[in-house]
Amino acid sequence: MWRSWMFWRFFGTSGGLLLVSISLLGAVVVSRAEQHYLQQIEDSLRTRAILVREIVRREPAGQPELLQQHMAALGQEIGTRITLIARDGTVLADSHEDPAHMENHGQRPEVLESQGQTYGTSTRFSDTLGLPMMYVALRVDNDSGPVATVRVALPLDKIQARLAGLRRLVWTAALGTGVAALGLAFWLARRITRPLQELTSGAERIAAGRFGHRVYVEGSDEVAQLGGTFNYMSERLAAQFTQLEEDRQQLRMILTGMVEGVVALDREQRILFANDRAAQLLDFQAQTAVGRKVWEVIRKRSIQKIVQRALA
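For the sequence shown, counting from 1, position 131 maps to 131 in the numbering used here; every step adds exactly one.
Read the hints as simulated data drawn from the structure, not as lab findings.
Note that this is a predicted model, so its numbers are computed, not measured.
Certain hints may be false.
[Stated by the list, open to error] Using C-beta positions, here's what the derived DEER-type ranges look like:
#1 Ser23 with Ala164: 15 to 21 Å
#2 Arg205 with Ala312: 26 to 32 Å
#3 Arg162 with Ser201: 52 to 58 Å
#4 His101 with Gly16: 54 to 60 Å
All C-beta atoms in this analysis are idealised placements derived from N, C-alpha and C, irrespective of residue type, glycine included.
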């Protein structure tokens with residue numbers, strides 16, 4: 001089995017396809033799970049941004065310190081970073097930092113996107129907090145038009161840790177499934193190729209003269225039927241060759257007992273058979289003559305000429 005090219009080809013092909021399929025399935029599961037988690041966070045941030053926007057609309061104008069206090073308290077309450085940005089990009093309030101020390105946010109991707117759409121989103125690394133963050137920005141309008149932008153954000157480190165755990169779980173399961181799949185591929189390859197190897201070995205033995213050799217192929221499929229046909233053929237060949245050998249022995253006995261001399265030759269003038277009477281008449285040993293050229297055994301030129309004319 002280990003030297004069978006057919007076995008390794010079948011095992012390699014089926015095992016490779018199974019491993020590729022499992023790997024692709026694992027990659028799809030991880031990708032879909034990541035998309036699902038990120039979409040959940042984005043939807044949650046949108047809901048929180050709408051809530052913050054409504055609260056900001058009720059805030060009294062011209063009181064930046066009070067606004068900062070309210071944003072800090074609200075951010076702590078809902079577990080979200082909140083940033084209120086003016087139309088020119090100036091940070092008006094932030095739940096985690098002092099707005100006076102924060103740079104202009106007017107060119108942040110999510111802020112720019114929110115100006116032309118309902119909301120804007122962005123996922124990137126925050127230099128301020130030193131964490132990967134997801135941002136959702138929502139435009140704040142009044143009767144005269146856009147006046148500010150509310151931005152909410154959540155760190156993704158916990159989500160990334162959860163996704164890393166999910167990846168480990170998926171790939172561990174994929175590895176276990178892959179090992180099981182290879183075992184299944186090995187079993188199938190062996191089950192399919194072993195009967196064929198048995199038939200090949202049986203054919204080689206019959207070709208070597210071991211007529212009557214039987215093969216053992218289990219099952220009821222076409223290969224098993226072929227094995228049964230092979231055994232029937234082997235038995236018929238054995239019976240026919242046995243009959244031929246019996247006929248040959250009978251013919252030898254008849255020719256040996258004849259009072260006339262008999263010498264059988266092939267087209268190459270090799271002696272196939274010679275009875276004792278022919279050996280006496282032509283002066284050679286019948287036992288050692290078989291297989292030799294006639295001119296090596298019989299020295300009479302007249303006999304050699306007769307043989308040459310007969311075979312011409």
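Hints, verified against the model:
Restraint check, Ser23 to Ala164: a C-beta distance of roughly 18 Å satisfies the suggested window 15 to 21 Å. At about 41 Å, the CB distance of Arg205 to Ala312 disagrees with the hint of 26 to 32 Å. Here the CB-CB span from Arg162 to Ser201 is close to 57 Å, well matched to the stated 52 to 58 Å. The hint said 54 to 60 Å for the Cβ distance between His101 and Gly16, and at roughly 58 Å that hint holds.
Hint 2 from the earlier list is the only one contradicted by this structure; the remaining hints agree with it.
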